[in-house]
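Based on these hints, arrange chain S on the given structure of chain F.
Protein chains: 2
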Amino acid sequence: MDNRIEIRLSGSGGQGLILGGIILAEAAINEGNNAIQSQSYGPEARGGASKAEVIISREEIDFPKVDKADLLLAMTEVAYKKYIKSLKEGGILIADSSINVDAEDKAYKVLQVPIIATAAEKLGKAMVANIIALGVIQQVTEVVNKESLEAAVLNRVPRGTEELNKTALSEGYMLASSTF
Amino acid sequence: MDNRIEIRLSGSGGQGLILGGIILAEAAINEGNNAIQSQSYGPEARGGASKAEVIISREEIDFPKVDKADLLLAMTEVAYKKYIKSLKEGGILIADSSINVDAEDKAYKVLQVPIIATAAEKLGKAMVANIIALGVIQQVTEVVNKESLEAAVLNRVPRGTEELNKTALSEGYMLASSTF
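Protein chains in written order, with my numbering: chain F, 1 to 180; chain S, 1001 to 1180.
Keep in mind the hints are simulated off the structure, nothing from the lab.
Examples of chain S residues toward chain F, derived with CB under 10 Å:
#1 A1028
#2 A1035
#3 Q1039
#4 S1040
#5 E1053
#6 K1065
#7 P1158
List time: in silico DSS-like cross-link candidates among lysine-lysine, alpha-carbon distance up to 30 Å:
#8 F/K65 - S/K1065
#9 F/K68 - S/K1068
#10 F/K65 - S/K1085
#11 F/K65 - S/K1088
#12 F/K82 - S/K1065
#13 F/K166 - F/K146
#14 S/K1085 - S/K1109
#15 F/K109 - F/K125
#16 F/K166 - S/K1125
#17 F/K65 - S/K1068
#18 F/K125 - S/K1166
#19 F/K146 - F/K122
#20 F/K109 - F/K68
The C-beta atom is built at its ideal place from N, Cα and C for all residues, glycine as well.
Okay, chain F solo, but in the shape it has when bound (with noise of 0.2 Å):
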């Protein structure tokens, strides 16, 4: 990892991404690293795209806003048009296979995997699309290691959902491994 990476992850309410944002905030506490997790909300907030940040630093973390990101995750279409200029030359796209991602964008790292069909068709369960991404990140990045992500994702589930959420993070590495 290096000393600070930037995480901005989007999509539309209801997917549980600031859940997710706040698991991965823990996971890298976890690893003596310090992190930062946020959300703002402005007047765009109330329609269409919402996201969560996550800042992970090796050092005491002096800045605590995310501008342009090193990693975005888009889950919905929407959502990708809204945050893709925010992501940094040569960040990491992580987009949904639902999102019609531009050609130009390409100069980007671009990985797009089936997280949502994933989460609704294999595993039966819509609502850990936020665990399977964190899972496809873990794996991608390597910001936080598996057995912290782990960690941080079965203290924050609901009691009875950790084989469910531990299955999602599998779906998650498996996604990302087999394509890069």
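For chain S alone, coordinates are given in the frame of chain F:
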């Protein structure tokens, strides 16, 4: 409400303070304000006190970090001791009744009410202490109105707990109004 208010919610992990911060921010945005909700995790986050922060502003929020808070909620003695120094002079301290508040800190506005006891004993559900606290904060500050706070609460709590959480909000309003 002033143009910008900075709120720090502190206590122990598991008291639902991050969720409390998210709900407060979502209530604020529903009224047309801007809001940022965040958690910072440093090495100190690994033991003891936990905190979540909300900035609510009529204007766009340029500097997204809470330094000195206008309002500090302290749900545990450990959190109180850790964060009291970060309350602005003349700021508001809302502390659970279980906390020994130093006489020296009485320069601040201090409201001590039995948030945790009301949750655990009167409502029989310790987990709604965070929602009671939101009711107290609303009543004291009117930073959001009751309608948007209730809507934001109901949007975030588990299905089936709506009535319990509405009761928790009412208990919070009463705790604050019967003491001020």
